[in-house]
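**Q** One letter stands for each residue in the lines below.
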Amino acid sequence: MTGYALEVRDLRVTLSGKRILDGVSFRCPEATVTAVMGPSGTGKSTMLRAINRLLDLNPEAIVEGDILIHGRSVWEMEPYEVRRRATMVFQDPNPFPHMSIYDNVAVGPRLHGLARSKRELDEIVRWALERAMLWDEVKDRLGDPPSKLSGGQRQRLSLARALAVKPEILLLDEPTANVDPVNAVKIEEAIRSLVREEGITVVFVTHMPSQAVRVSDYLVFLYDGHVVEQGPSREVALNPSNPLTEKFFRGEL
Amino acid sequence: MPRSLRARKLENAVGLAVIVALAIASVLPLIHILYMVIVRGVEAIARIGLYRFLTEPPHPFDPQNPGGIGPALVGSLELSGLAIAVATLIALPASVLIAEFRGSRISRGTLLLALTLVEFPTILVGLTVYAVLVDHVVGGYNMLAGAVALTLVILPYMAVQASEALRGVPEGVREAAYSLGATRLKTVYALIAPAARRGILVGILIGLARAAGETAPLLFTVGGAYEGYHLCLYKVGGAVPLMIYQFIQMPYKPAQDLAWGAALVLMTIIVGVMLLARLLVKEVKIL
Ligand SMILES: Nc1ncnc2c1ncn2[C@@H]1O[C@H](COP(=O)(O)OP(=O)(O)OP(=O)(O)O)[C@@H](O)[C@H]1O
Ligand SMILES: [Mg+2]
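Line by line, the protein sequences give chains A and B.
Taking our numbering, the leading residue of the first sequence gets 1, the next gets one more, and so forth.
Taking our numbering, the leading residue of the second sequence gets 254, the next gets one more, and so forth.
Incorrect hints may appear among the rest.
As the list claims (entries may be wrong) - Computed footprint of chain B on chain A; a stretch qualifies when at least three of its residues, placed anywhere within it, have a C-beta under 8 Å from a C-beta of chain B:
#1 53-60
#2 80-86
#3 96-103
#4 154-164
To be verified - Taking lysine-lysine pairs in the DSS-like style, the calculated list, with each CA pair at most 27 Å apart, reads:
#5 A:LYS148 - B:LYS535
#6 A:LYS166 - B:LYS439
#7 A:LYS118 - A:LYS139
#8 A:LYS118 - A:LYS148
#9 A:LYS118 - A:LYS166
#10 A:LYS139 - A:LYS166
#11 A:LYS118 - B:LYS439
No lab work stands behind these hints: they were computed from the structure.
Even glycine gets a Cβ: it sits at the ideal position worked out from N, Cα and C.
Given only the sequences and the hints, what does the whole structure look like? Please build it.
**A** So, in structure tokens, the structure goes:
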């Protein structure tokens with residue numbers, strides 16, 4: 001045990017012959033939030049997909065370097081094991097359209113045999129929806145399709161679905177980008193309490209410096225496939241040492 | 254200025270009229286077919302009554318009691334049922350291979366094979382099955398050969414259709430599904446295929462309509478026997494489209510009437526299946 005839930009070492013990713021990430025390294029201590037920032041197209045989403053081996057599904061992707069989850073290399077695990085231990089929530093809310101709200105959350109635990117009875121499954125679903133701050137709004141209509149939810153609620157449903165498989169790490173790719181401010185605050189609160197109370201480690205891609213400071217403990221600033229600055233969020237945000245980071249925080253990048 | 258505006262409006266009106274006229278002209282033959290089949294079919298069926306027409310064997314030479322299409326209908330049900338069952342069992346895994354394992358050689362090979370077979374003349378499929386199953390194995394026309402030929406005709410179509418339905422699942426939903434950490438096969442069968450289920454079902458329905466309507470693959474496989482109910486797989490049998498083909502060529506009024514009645518029944522079945530498929534497609538769009 002290293003005390004780090006996630007270590008990324010010299011990660012290099014090539015997509016369709018184009019080098020996207022070129023030697024990215026950072027570490028996330030257990031039960032912390034690490035914000036990943038950087039201009040559009042720097043490879044933040046690509047990095048999250050590399051971490052949980054979703055990129056394995058893309059025949060055009062080449063991933064090099066090492067990624068360790070609680071000290072164990074993801075290359076020693078099956079891809080599906082990695083994906084379950086580090087689940088991802090995407091920029092656009094994408095609940096399964098053909099399933100009810102309940103089933104969207106229950107399907108993961110069912111696939112992994114996490115519940116031995118209907119009651120246990122109900123409990124997991126409730127726990128996940130509460131953790132995603134959605135329970136109160138949907139508890140009376142769990143059988144509805146997700147199309148009856150607002151965009152922000154759908155995103156929180158996606159979060160609950162990811163939580164229900166009991167991951168150690170949550171990879172969040174701009175989860176509040178397409179969501180109204182009220183829902184964004186709820187998602188931020190959900191993330192903070194998940195880390196505090198459930199010990200989950202979060203990697204959180206965001207475009208908003210203010211959000212990064214509010215939510216994260218550590219900040220990694222990516223530029224053009226490299227990490228140009230990293231450290232405790234407040235320090236980096238208030239006192240950036242790299243001119244690129246400073247420019248980004250002033251909104252000029 | 255207003256003048257050229259009026260001129261343009263006139264131009265538009267003329268253009269529209271031409272398009273409408275062309276549209277009507279192209280739909281006319283279809284309307285004519287529908288009209289003929291309905292008028293002559295209803296006439297033939299009314300003579301004996303719908304129930305008897307659907308259940309009794311034909312008497313193509315007896316103007317007093319022409320009988321019905323019972324054996325052919327049962328034969329069609331047997332052939333299409335078998336073909337759709339076997340084709341579905343093979344097409345679904347094949348479509349998963351095509352859509353979800355893209356990039357692998359076996360996936361590309363399967364797609365190429367399916368696309369080639371879709372374009373393959375159905376008469377050649379029938380001929381091949383004839384050479385193997387009729388000529389060699391059984392030694393005579395048989396229902397099994399017909400079912401195999403129909404399966405081969407609809408299988409590639411259904412595999413391509415199902416793989417397109419799978420590809421139609423939005424990339425975000427697909428990624429979210431994999432992100433839950435189930436194995437690849439489990440993810441496809443439990444999450445991605447159900448998300449595409451309507452599209453897959455439409456493919457199965459259209460396959461069913463084709464299986465019920467195809468004639469060429471049956472020409473030298475099933476044979477054509479309509480006197481009694483022939484359900485035995487390795488014996489000669491009949492089917493509705495084959496019966497139409499064979500009876501319409503007989504120089505007897507009762508035989509031709511039977512063919513028209515059978516045509517109406519076939520058309521009703523196929524239109525029914527197609528309407529069901531359309532309904533499903535519409536629901537897909539609403540979602
Ligand atoms: N499948 C792919 N094949 C080839 N290039 C890709 C692929 N996906 C993304 N890219 C490229 O990789 C680069 C990084 O994309 P990525 O989505 O990771 O950026 P990002 O930092 O998440 O951007 P944003 O902030 O806009 O979400 C972009 O230049 C993009 O065009
Ligand atoms: Mg992105």
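**Q** None of the hints should be skipped; say for each whether it holds.
**A** Evaluated hints:
no.	hint	in the structure
1	53-60	holds (count 3)
2	80-86	holds (count 6)
3	96-103	holds (count 4)
4	154-164	holds (count 3)
5	A:LYS148 - B:LYS535	holds, 19 Å
6	A:LYS166 - B:LYS439	holds, 18 Å
7	A:LYS118 - A:LYS139	holds, 16 Å
8	A:LYS118 - A:LYS148	holds, 25 Å
9	A:LYS118 - A:LYS166	holds, 17 Å
10	A:LYS139 - A:LYS166	holds, 21 Å
11	A:LYS118 - B:LYS439	holds, 21 Å
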